[in-house]
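Here the protein sequences line up with chains A and B, keeping their order.
Start counting the first sequence at 3; every next residue gets the next number (this note's numbering).
Start counting the second sequence at 3; every next residue gets the next number (this note's numbering).
In short, the hints are calculated from the structure, not lab data.
Please note that a few of the clues may not be correct.
It does not matter which identical chain is meant; a pair holds if it fits inside one copy or across any two.
Stated by the list, open to error - When the alpha-carbon atoms are kept at most 25 Å apart in a straight line, the in silico PhoX-like pairs for lysine-lysine are as follows: (1) Lys102 - Lys31; (2) Lys58 - Lys316; (3) Lys93 - Lys72; (4) Lys58 - Lys309; (5) Lys412 - Lys441; (6) Lys146 - Lys93; (7) Lys31 - Lys93; (8) Lys377 - Lys309; (9) Lys7 - Lys452; (10) Lys367 - Lys377; (11) Lys102 - Lys72; (12) Lys317 - Lys58; (13) Lys78 - Lys452; (14) Lys317 - Lys441; (15) Lys469 - Lys356; (16) Lys367 - Lys124; (17) Lys469 - Lys432; (18) Lys102 - Lys377.
There are 2 protein chains.
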Amino acid sequence: MDIPKENFSDWYNQIIREAELCDLRYNLKGFVVIMPNAADVISRMYRLYEDALERKNHRKSYFPALISEKNLEAEKDHIEGFAPEVFWVTKAGNNELEEKMIMRPTSETAMYPMYSLWINGKSDLPLKVYQSCQVWRYETKATKPLIRGREFYWIEAHNVFPDEEGALSQVTEDMETTEELIHQSFGVPFIFFQRPQWDKFAGAVNTYAADTMMPDGKALQLPSTHNLGTNFAKVFNVKYMDELGEEKPCWQTCYGPCISRIFAAIVAIHGDNKGMVLPFHLANVQVAIVPILKKDGSKEVTSFVEKLAETLSKKYRVVADFTPNTPGFKYNFWELNGAAVRVEVGARDIESGKAVVVRRDTGNKEFVPFDELPKRIGEVGEEMNKGLRDRADAWFETLQTEAGTLDELKEKIEKGGGFVKVPFCTDALKGEACAEKIKEFCSANVRGSKYGSNEKPEGKKCIACGKPATIYQYAARQY
Amino acid sequence: MDIPKENFSDWYNQIIREAELCDLRYNLKGFVVIMPNAADVISRMYRLYEDALERKNHRKSYFPALISEKNLEAEKDHIEGFAPEVFWVTKAGNNELEEKMIMRPTSETAMYPMYSLWINGKSDLPLKVYQSCQVWRYETKATKPLIRGREFYWIEAHNVFPDEEGALSQVTEDMETTEELIHQSFGVPFIFFQRPQWDKFAGAVNTYAADTMMPDGKALQLPSTHNLGTNFAKVFNVKYMDELGEEKPCWQTCYGPCISRIFAAIVAIHGDNKGMVLPFHLANVQVAIVPILKKDGSKEVTSFVEKLAETLSKKYRVVADFTPNTPGFKYNFWELNGAAVRVEVGARDIESGKAVVVRRDTGNKEFVPFDELPKRIGEVGEEMNKGLRDRADAWFETLQTEAGTLDELKEKIEKGGGFVKVPFCTDALKGEACAEKIKEFCSANVRGSKYGSNEKPEGKKCIACGKPATIYQYAARQY
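Start from the sequences and build out the full structure, keeping to the hints where you can.
So, in structure tokens, the structure goes:
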């Protein structure tokens, strides 16, 4: 790694390449290969996320990857939003297909016609079903591995309720799940914004999206949860018979954590000039043991390290690095690859009964008696997880500022980026004009209002049009 | 369930519907929705399989679902085999694509061009990489849910070695993995056949496939492992520099356990006239507690059962069924859905300090003191797993017979089906003619020779052409 993180875009491309996370040489534009060093972590993230959803009574399903043209077209806003970016399957073997199919860009139109068959009475509700899958979108903007591409790896949970109350409380549950996984477990901070009406999911009543910040001060959208109201339910006939025998359309929500993109945020936010830094429970290698071999006594060290590796392997993912490289080379290699803890063992350490334990993120060294290693490594892992999260939180805090005028906003956006709180008018149509004005002026997007905040811009004026402001919105440059 | 298992095809369709495993009403031909009752089990099977592959040093990856036309065309046999069954993506958004893409029917042609970039020297070998994914094939024969369709869920492991020895020992390892997972863990018996040359994987040197039997005496192919030799390596330039500085093509293998189909075999083989029977560790509900409620004393039973469910939930997947149905209805429901163990608790059981524990497969009842339940349920689970496997093995044994003449073969095939061992000539071309003659005569396919068997048909004649036989082949009707 020779590009410093201050130069974020190049640093990111470098870490993708050097830590062997993705191979960009796949010969289809916008598609990349996710290599084992990334895939193993992403797989762990999937399992943790799936387990969390299942604890909250979601059940797994597998829906087809292909969707008929007529399903896609059923919901007017949805087709308008997605038509420009779907891949079309028009031929199979040597046959031109009579009915064309699309590769799912998201699964509402695959799932809800089935939901309509599954739901009859109130006893079928709530229905909480998710799937872990790939989706495909014909992205025409510049792509960036794991952040923007034509294929991504996500989970989509699609839930159905008899009433608005159920849908809104699901939105809250989705936010809690996001906090639990992305912030508490992965150490990535975010803010939940309610997106402006002109920027919501195609077909939704309201969209709530968790935005994090990349090190260059540009926002990255992580999971969003959508209150779909009864929009799709009416189109796809997802209804139930209530106690009085009356047919009622269901309320629906969907939630879409994009695991590959969340991984990109982890790499970007926790990484440093030496390479990857991963939370302990996500690291491919939790303990890298580096034997310090001298010409004499190497045999003793080797067999000692082999035994140590065996012991530690019972609790952790361990590599004992016996490659014929220098210790310094190995330190760099395991730092680059995000091994969470390094254990150095030489003849003198064996004699003194203590190993050198080095924590990846801080580089902090401590001497730990060999018999305490299994326990102490776990503690170091916990401390590191907390340290990563706290440091990310503190940094994230500094990226939240405020501006009262367009010039002030521009200065903040250009200086360090981040989320800039601005007073804003609320009119859905005029609002969009104001957002466009801001975008033209300083390339910042209006990301929405902070969910759950009651703060009002008393007596202030909309930063763009000068009319009385009624709400705070947050502006940021974005990925 | 009112169709008996003797009537297998109808019984299978019935269990798919009644146990809510798949919904066939998805509006694309050949595509089905895998519902939660099946998806949860399939997901558990995926995790077990992935963990086994990783223990054997495979690493996970995610390769794109789309493949360029030119990659597909590179290997002559491969394109010939797969061209008739690929789905073509020809359009994206409103643009006709200049280069058409296919949806992966299998990933050799996606992965090996990348392998060519990843492998330089012998130190990069062996390379053992897998992915868990969906593949799509334009199946034109009649489809059957989870058994034959246009989309299936599998794992594909693609390994690379410097020499034939490495490839052959990987084939053996794949067979061991199959034994470990499918037979030992899932209780499904099979035989590994070396497929005849005319029936091998398109592009392989040799194909070894694990065939199980469905209850109707027709064979079902489970995982196959292929020795690809250097065929693909030469085409995709997967080579390494040996110690003498000479470029050598690599040897490759691939292994493809189709998880959705293995699940179908589990359902078909272990299921009975009451519904699903699943190995204990795969069951969605490991313990179904049915409270026996009377008008008086119900409160006591309810709170006792709630506490019991809480205790057992620490070790098992538990449901306490408080729905307002009769106990008999609940017994049927949980039997249909394959709950592994049923625990009945009424006021008298609480008084006597013992619960009634019923094992799903045998219906065997025993009285177990409440404090021994957590331990005893685990034991019953183990006993059931062994019982399922032993019963399936014994049944599978009866489906292996022998025939010396076509008439005899026909009789055996038509009577009970199964694998019929027949003396066979070996000539690759004549052999195919003989296999076709057998197929015409009694609709049985030649599945191959038993892997690892040295038994020779001394002095016997080929069952089809009458020339001297040199090998035993196995014939069976097939899915």
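Going down the list of hints, with the structure as the test:
| no. | hint | in the structure |
| --- | --- | --- |
| 1 | Lys102 - Lys31 | both (23 Å within a copy, 12 Å between copies) |
| 2 | Lys58 - Lys316 | between (30 Å within a copy, 16 Å between copies) |
| 3 | Lys93 - Lys72 | both (17 Å within a copy, 17 Å between copies) |
| 4 | Lys58 - Lys309 | between (41 Å within a copy, 20 Å between copies) |
| 5 | Lys412 - Lys441 | within (10 Å within a copy, 78 Å between copies) |
| 6 | Lys146 - Lys93 | between (30 Å within a copy, 23 Å between copies) |
| 7 | Lys31 - Lys93 | both (21 Å within a copy, 14 Å between copies) |
| 8 | Lys377 - Lys309 | within (17 Å within a copy, 34 Å between copies) |
| 9 | Lys7 - Lys452 | neither (29 Å within a copy, 59 Å between copies) |
| 10 | Lys367 - Lys377 | within (16 Å within a copy, 44 Å between copies) |
| 11 | Lys102 - Lys72 | both (9 Å within a copy, 23 Å between copies) |
| 12 | Lys317 - Lys58 | between (28 Å within a copy, 18 Å between copies) |
| 13 | Lys78 - Lys452 | neither (29 Å within a copy, 58 Å between copies) |
| 14 | Lys317 - Lys441 | neither (51 Å within a copy, 55 Å between copies) |
| 15 | Lys469 - Lys356 | neither (69 Å within a copy, 75 Å between copies) |
| 16 | Lys367 - Lys124 | neither (59 Å within a copy, 36 Å between copies) |
| 17 | Lys469 - Lys432 | within (10 Å within a copy, 89 Å between copies) |
| 18 | Lys102 - Lys377 | neither (58 Å within a copy, 55 Å between copies) |
Hints 9, 13, 14, 15, 16, 18 from the list above are not met by this structure, while the remaining hints are.
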